[in-house]
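Engineer: Starting from the structure of chain V, add chain W with the ligands where the hints point.
Which chain is which? The protein sequence lines are V and W, in order. My numbering applies: residue 2 is where the first sequence begins, and numbers increase by one. My numbering applies: residue 22 is where the second sequence begins, and numbers increase by one.
Mixed in with the good hints there might be a few duds.
Below, in silico cross-link-like pairs of lysine-lysine (DSS-like), each with a Cα-Cα straight-line distance of 25 Å or less [unchecked claim]:
1. Lys36/W with Lys19/V
2. Lys177/V with Lys196/V
3. Lys41/W with Lys243/W
4. Lys19/V with Lys68/V
5. Lys148/V with Lys177/V
6. Lys65/V with Lys41/W
7. Lys183/V with Lys100/W
8. Lys183/V with Lys95/W
9. Lys212/W with Lys183/V
10. Lys100/W with Lys27/W
11. Lys196/V with Lys96/W
12. Lys41/W with Lys199/V
13. Lys196/V with Lys100/W
14. Lys177/V with Lys100/W
15. Lys96/W with Lys177/V
16. Lys96/W with Lys183/V
17. Lys196/V with Lys124/W
18. Lys65/V with Lys112/V
19. Lys124/W with Lys183/V
20. Lys71/V with Lys36/W
21. Lys177/V with Lys36/W
22. Lys199/V with Lys124/W
23. Lys201/W with Lys177/V
24. Lys68/V with Lys36/W
25. Lys199/V with Lys161/W
26. Lys68/V with Lys41/W
27. Lys41/W with Lys177/V
Covered stretches of chain V (in silico footprint by chain W; criterion: 3 or more residues with CB under 8 Å from a CB of chain W, positions within the stretch not fixed) [what the hints assert, rightly or not]:
28. 10–23
29. 175–187
30. 206–217
These are computed hints drawn from the structure, not numbers from a lab. Cβ atoms here follow ideal geometry from the backbone N, Cα and C, with glycine treated the same way.
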Amino acid sequence: MKDISLGQFYPADSFTHKMDPRAKLVLVVAFIVMAFLAKNFLSYFAVMLCVISATLVSRIPILKVLKSIKAIIFILIFTGILNLLFYNGETVLWSWWQIKITVEGIIFSLKMVLRLVLLVMGTTLLTYTTTPTAITDGMESLMHPLKYIKVPVHDIAVIMSIALRFIPIISEEVDKIMMAQKARGAAFDNGGLLKRAKALLPVLIPLFVSAFRRADELALALDARCYNATPNRTRYKQMKFSLRDVLGVLGTAAFIVLVVALNNNFWGAYEPVASVWWLFSV
Amino acid sequence: MRIEVKELGFVYSPKSPFEKVALDDITFTVNEGDTLGIVGSTGSGKSTLCRHFNALIRVQRGEITVGEIRLHAKKVDLKTLRKNVGMLFQFPEYQLFADTVKKDVEFGPLNFGFSAEEADAAAREALELVGLDFDEVASKSPFELSGGQMRRAAIAGVLASRPSVLVLDEPTAGLDPRGKREILELVTALKAGVTGTVIIISHNMDEIAEFCNRVVVLENGKLLADTTPDELFNRSDIVERTELDYPHTVKIKRLLAEKGVFIDSSALNADELSAAIAGRFKA
Ligand SMILES: Nc1ncnc2c1ncn2[C@@H]1O[C@H](COP(=O)(O)OP(=O)(O)O)[C@@H](O)[C@H]1O
Ligand SMILES: [Mg+2]
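In isolation and in its complexed conformation, chain V is listed as follows (with noise of 0.2 Å):
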């Protein structure tokens, strides 16, 4: 119950958690650009630097993080077996009709494996580190300027607030109904598809009931309360950009730089011995 109304967060008290979540939001997608810069495998293990310092910072098990892996396994599996068979590369070491599976190709897909992995991996630490109301009134905060071009933000953020504070609510009220109907001899989990389906017919409707009865009841307080969304609402919690944010924006820009600089070989600044060269060249 309590694990879906926190959506994934993980609670801890570290640097991660306590960065400003406008700056994390930031900091996701300058880390997915980064993972799409990476060229070669040197670079890819920076990325990969960068998640796992990440992770550290965080104070998450590091098993927590890969286990986020677990929902992406089939679409990993699929993109590595097609870009296995089809890449068209040259050293071919195995060939059947149109399919053959290059040096090049194996190469390819493990890149594209790993990035994906890496993806993940970077922007669950999002979730894990930041509860789903800050993520929203981050967002709200940096779609600001979008209110020039008439989008009503603080509208969508009230209605993605409110949304998100009725799941934990709404969460409970499905299990105390299917306790209720359980304890009346409802069985949820045996027969067919369409046998199950009407199963939940009992759950469904008071469910419904009640969803519409608590909107009428929060429509009724917030008119109460002469609520009205005005644009200079100020907040119970502040956000603020602190030190530890710039500090953030920085690690996360030093990890961009260097994944630069091995895409590009330090730009033959020096003479790297010949295994690493390898790495460098593919």
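Structural biologist: For chain W with the ligands alone, coordinates are given in the frame of chain V:
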């Protein structure tokens, strides 16, 4: 039906940052015919404990036996168990869903394998029991009923399966005094008939004092006392520690004692106490 709870432990979201020990080493027995009160402050684990009795929560540690059914076994016959252990939640009217009151009340019996005629008879009986006129409400939509009628219809939906144990989780919270009275009188009427054993979670000590013959006190998931209401209200250490209250009858006896009028009676219900007081002044 006898319920035996042995060394029961329960943890919510184990091995996560949200881990919460809700029950710890609980042992007690509910005998056939008992009206057991479960008291304790909010969050002490009362609901978690009770949800074990019809396997809404599965046993993690320890053992529970309900009648012949062992809830800690790998396979539990949920149908038989839930037919026998009825559970009434707070705001039961929120579980109404069918298009007619009759169908809603028959939902439980039909799930438990009653035939159409048996279910019909059970619905009739249950609706009359809660004081609704079967012919009047049976074909109405439950959402057309008034608030009080909705609640009665929902209660009938639990009683229709003729449970031998009835568990009530704060049944009177949020009701006006008359509503409270009605529910408890219903429970008393039930006890005289089908339902042999009743378990009531309540914050209202008057209810506990009047209706229960036994009471268990929970504190932070631990069993603090397993006793009778009479004894419990003599144990000021427990009552004060768990921030329970005293029933009005006990308060009145104490106030009288302060004025030098000692009532030598363990009466916890209003009628008996007033009789005892009257007797004292007659003498
Ligand atoms: N679904 C749940 N997930 C996590 N913790 C829960 C859940 N339900 C109850 N708890 C916690 O377990 C403890 C006992 O709760 P509960 O049995 O509902 O107590 P009571 O009914 O005595 O108020 C509380 O601290 C509560 O926060
Ligand atoms: Mg409770």
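Engineer: Run every hint past the structure and note whether it holds.
Structural biologist: Hints versus structure:
{"no.": "1", "hint": "Lys36/W with Lys19/V", "result": "holds (24 Å)"}
{"no.": "2", "hint": "Lys177/V with Lys196/V", "result": "holds (21 Å)"}
{"no.": "3", "hint": "Lys41/W with Lys243/W", "result": "holds (13 Å)"}
{"no.": "4", "hint": "Lys19/V with Lys68/V", "result": "holds (23 Å)"}
{"no.": "5", "hint": "Lys148/V with Lys177/V", "result": "violated (41 Å)"}
{"no.": "6", "hint": "Lys65/V with Lys41/W", "result": "holds (20 Å)"}
{"no.": "7", "hint": "Lys183/V with Lys100/W", "result": "holds (10 Å)"}
{"no.": "8", "hint": "Lys183/V with Lys95/W", "result": "holds (19 Å)"}
{"no.": "9", "hint": "Lys212/W with Lys183/V", "result": "holds (24 Å)"}
{"no.": "10", "hint": "Lys100/W with Lys27/W", "result": "holds (23 Å)"}
{"no.": "11", "hint": "Lys196/V with Lys96/W", "result": "holds (23 Å)"}
{"no.": "12", "hint": "Lys41/W with Lys199/V", "result": "violated (34 Å)"}
{"no.": "13", "hint": "Lys196/V with Lys100/W", "result": "holds (18 Å)"}
{"no.": "14", "hint": "Lys177/V with Lys100/W", "result": "holds (19 Å)"}
{"no.": "15", "hint": "Lys96/W with Lys177/V", "result": "holds (24 Å)"}
{"no.": "16", "hint": "Lys96/W with Lys183/V", "result": "holds (17 Å)"}
{"no.": "17", "hint": "Lys196/V with Lys124/W", "result": "holds (18 Å)"}
{"no.": "18", "hint": "Lys65/V with Lys112/V", "result": "holds (23 Å)"}
{"no.": "19", "hint": "Lys124/W with Lys183/V", "result": "holds (16 Å)"}
{"no.": "20", "hint": "Lys71/V with Lys36/W", "result": "holds (19 Å)"}
{"no.": "21", "hint": "Lys177/V with Lys36/W", "result": "holds (24 Å)"}
{"no.": "22", "hint": "Lys199/V with Lys124/W", "result": "holds (15 Å)"}
{"no.": "23", "hint": "Lys201/W with Lys177/V", "result": "holds (22 Å)"}
{"no.": "24", "hint": "Lys68/V with Lys36/W", "result": "holds (15 Å)"}
{"no.": "25", "hint": "Lys199/V with Lys161/W", "result": "holds (22 Å)"}
{"no.": "26", "hint": "Lys68/V with Lys41/W", "result": "holds (23 Å)"}
{"no.": "27", "hint": "Lys41/W with Lys177/V", "result": "holds (19 Å)"}
{"no.": "28", "hint": "10–23", "result": "holds (count 3)"}
{"no.": "29", "hint": "175–187", "result": "holds (count 10)"}
{"no.": "30", "hint": "206–217", "result": "holds (count 4)"}
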